[in-house]
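2 protein chains.
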Amino acid sequence: MTTRIAIDCMGGDHGPSVTVPAALHFLKAHPGVALVLVGREESIRPLLEGVGESERLRVVHASEIVAMGESPAMALKNKKDSSMRVAVNLVKRGEADACVSAGNTGALMAISRFVLKMLPGIDRPAICTQLPTMQGHTHMLDLGANVDCGPEHLLQFGIMGAMLVSALEHKERPTVGLLNIGEEEIKGNEVVKAAADLLRDSDLNFVGNVEGDGIYKGDADVVVCDGFVGNVALKTSEGLAQMLAFFLKQEFKRNLLTKLAALVALPVLNNFKKRVDHRRYNGAILLGLKGISVKSHGSADSFAFGNAIGRAFDAVENRVLERISARMAQTAAATKAAPGA
Amino acid sequence: MTTRIAIDCMGGDHGPSVTVPAALHFLKAHPGVALVLVGREESIRPLLEGVGESERLRVVHASEIVAMGESPAMALKNKKDSSMRVAVNLVKRGEADACVSAGNTGALMAISRFVLKMLPGIDRPAICTQLPTMQGHTHMLDLGANVDCGPEHLLQFGIMGAMLVSALEHKERPTVGLLNIGEEEIKGNEVVKAAADLLRDSDLNFVGNVEGDGIYKGDADVVVCDGFVGNVALKTSEGLAQMLAFFLKQEFKRNLLTKLAALVALPVLNNFKKRVDHRRYNGAILLGLKGISVKSHGSADSFAFGNAIGRAFDAVENRVLERISARMAQTAAATKAAPGA
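Going down the list, the sequences are from chains L and X.
If you want this note's numbering, it's the 1-based position in the first sequence plus 187.
If you want this note's numbering, it's the 1-based position in the second sequence plus 187.
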C-alpha cells in the first residue's frame with residue numbers, strides 16, 4: 188500500500204526552495220510513497236522541474252502562510268487556508284497518512300491538536316525526536332509542547348515514547364528513563380519524583396533516572412522530560428555543537444601549517460561530521476494525536492527536510508499510531524490494576 | 188594581604204592524591220596565597236614532598252570523611268569532624284577566606300549553608316559556574332542547589348550572578364539573561380514569565396530570554412535558571428562533549444591512513460582540546476552565603492582541582508562577597524521603588 192504524505196511546502200526559513208526539491212528527491216527514492224505538496228501553486232509548480240502530477244504527486248493550493256513568529260492562537264483562528272492547516276486537514280480527512288511541516292512549531296502543534304484531536308487516554312501531545320548516542324540513538328520527549336507538566340503527563344510521554352520505539356525499531360521492551368538531576372539530596376523536583384513512582388508502577392521497562400549526560404551515553408531508549416527541560420537540553424546541545432565546530436574550524440584555519448593539516452585530515456573530519464550531522468536527526472513527531480504530524484527544523488536544508496519526510500514515512504509504515512492507541516488503553520488498565528506495586 | 192584558602196583534601200573521587208599535589212602546585216605559583224590542608228593527617232603529610240609547614244601552609248586534622256553518595260542531611264548531622272565541615276568552619280571563624288571541596292555537592296551545600304548562613308536578602312544559595320562561549324565565556328546559575336524555584340529566587344540569582352561577574356571581570360553592568368524556550372506560544376512556564384517581569388523591573392542590565400543555544404553563543408554574561416534546568420543543561424553539555432570526543436577519536440583510529448592523518452593533525456587537535464577543556468572551567472561558587480565556598484567536580488584531576496582553588500582565590504581577591512552583600516540591599520530597594528516600571 189502506498190504511504191501518502193502531505194507536505195507544507197511554505198513552512199520553514201526557506202519555504203518551497205527547500206521543501207519542493209526535498210520532496211521530489213524523496214519521491215524518486217521511495218517508490219512506495221505518494222506526496223501531496225501543499226502551498227501556493229505559483230510558488231510550487233515552477234520548482235517541479237518538469238515532473239508531472241500523477242497519483243504519486245499532487246499539488247494542493249493553499250493561499251495563506253503561517254509566519255514563523257506568528258502567534259499559534261492567531262494562526263489557528265485566522266489562517267484557515269494556510270499551507271500548514273490544509274496539510275493537516277488532509278491527514279484528518281484520510282487523504283494523507285501523515286503531514287510534515289518546517290513551519291512555526293507552536294502553530295503546528297495548535298493546528299494538529301485542534302484538527303486531528305488527541306488519542307483517548309492522552310491529555311497532551313508531546314514532541315519527540317531521535318538523538319545520537321555513544322551506542323546508537325535514543326528518543327527524547329517532550330521537547331517543548333508542554334512547559335508545565337504533571338506526573339501523569341510524564342507517564343503518558345513514557346508510554347508514547349516506548350510505543351514509538353517499539354514500532355520503529357521492533358524492540359519488544361524499550362528502556363524508558365526519566366530525565367533528572369543527581370546532585371541534590373532530594374534528587375529532583377516534586378513532579379519528577381511523583382512521575383518516577385508512576386513509571387515504576389507501570390508496565391514499562393523503566394530504568395529509573397537518567398542524568399543529562401546519560402542522554403548521550405545511551406542510558407535509555409526513551410528519555411522522558413517536561414517540554415521546558417527537554418527544549419533547553421536540545422537547544423543547549425545545538426549551541427554547544429555549533430561552538431565546538433566553530434572552534435575546531437578556527438584552529439584548523441590558524442596558519443599555513445594547520446591548513447595543511449586540515450587538508451590531510453579532511454576525509455576523517457568529513458566522516459566525523461557526517462556521523463554527528465544533526466540534519467540526519469531532523470524531524471520530530473508530535474505524539475498523542477489521531478494522526479501523524481512531523482515537525483522539521485525551521486532552518487532545515489533539502490537534505491534535512493528529506494529526513495523529516497522520511498521520519499513521517501517510517502512512522503506510517505511501522506504503524507506507530509496504531510501501536511500507541513492500542514497500548515494506551517492496555518497500559519492504563521495495567522497501571523490501575525497494580526497501584527504501588 | 189594574603190588570601191587564605193581552606194582545602195577539603197579528602198573530597199572527590201581521588202581524595203588527597205589529587206587535592207594535595209594541586210594545592211602544592213597552586214601554593215608555588217601564587218605567592219599571595221596561604222593554604223590550609225584539611226583532612227586525615229596520615230593521608231596528607233606523606234604527600235607534602237618535603238614541603239614544610241609554614242605560615243603559608245598548614246595541615247589541620249579532621250578525622251571523618253563525607254562519602255560521595257552520603258545523604259547531605261546525615262553528613263550535616265553526624266560528621267562534625269569531617270574534612271568538609273572543618274574546612275567550612277575555618278571560613279566561618281575567619282581563619283580562611285574561602286574553602287574548596289571536590290566532595291558531595293549536596294553535603295557541601297548543606298554544611299556551607301548551615302555553618303556560614305545566608306546573606307541578608309537572599310533566600311537560597313545558588314551554584315554558579317563559568318562556561319565557554321563563542322565570544323569568551325558566561326556564568327550560569329543555579330546548577331542544582333534549588334530544584335523548585337520561585338520568580339523571586341531567579342531574580343536573586345540574577346543579582347548575585349551580575350555582582351559576581353562585575354567583581355571578577357570589572358564589568359560595570361554585565362548583561363543578564365533568563366534561560367527560556369522560544370518554541371511555545373506562551374514562551375516559558377509560569378515561574379519563568381514572572382521572573383522575567385521581576386528582572387525587567389530591577390536595576391540589572393536584563394537582556395531578556397536566552398534559549399539553550401544562546402548560552403554558548405554568549406548571549407549574556409550571566410544566564411539565570413532554576414537548578415533543575417541548569418543541572419540538566421550542564422550535564423547534557425558534558426555528555427554531548429564526551430560523545431563528540433569519542434566519535435572524533437574513533438574516526439581518527441579507523442585505519443592506518445586516518446591514524447597518519449591524526450599524527451599530522453595532532454597539534455591542531457591538541458590546541459582545540461586545550462581550548463574547550465572543561466577542566467579549565469572547574470570550580471563552581473556557592474553564592475548567597477556569608478563566605479566563599481567553592482565546589483570542584485568530583486572527578487577533577489590535579490589540573491582541574493587547581494583551577495577550582497584559583498576560582499576561590501579570584502573570588503576573594505576581587506571581593507565578590509562584599510560586592511554581593513553591598514548590592515543586595517541596594518538592588519532590593521530599587522526594585523521596590525519601581526514596581527511594575
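Because the hints were derived from the structure by calculation, they are not lab data.
Hints may be right or wrong, so weigh each one.
A pair holds if it fits inside one copy or across any two, identical chains being indistinguishable in the list.
Claimed, not checked - No more than 25 angstroms apart at the CA atoms, straight line, and that leaves these computed lysine-lysine pairs for DSS-like:
id	residue 1	residue 2
1	K477	K380
2	K440	K404
3	K358	K477
4	K460	K358
5	K404	K460
Note that this is a predicted model, so its numbers are computed, not measured.
Comparing the hints with the structure gives:
1. Taking the closest pair of Cα atoms, K477 and K380 never come within 25 angstroms of each other, the shortest separation being 30 angstroms inside a single copy and 32 angstroms across copies.
2. Taking identical chains as interchangeable, the C-alpha atoms of K440 and K404 lie at most 25 angstroms apart only when they sit on different chains, with a minimum of 20 angstroms there against 31 angstroms within one chain.
3. In this assembly of identical chains, K358 and K477 lie within 25 angstroms of each other by CA distance solely inside one copy; the values are 23 angstroms within and 54 angstroms between copies.
4. For the identical chains of this complex, K460 and K358 are neighbours neither inside a copy (28 angstroms) nor across copies (38 angstroms), given an alpha-carbon limit of 25 angstroms.
5. For a Cα distance limit of 25 angstroms, the shortest separation of K404 from K460 qualifies both inside one copy, at 19 angstroms, and across copies, at 20 angstroms.
Figure legend: structure checked against the earlier numbered hints; hints not met, in rising order: 1 and 4.
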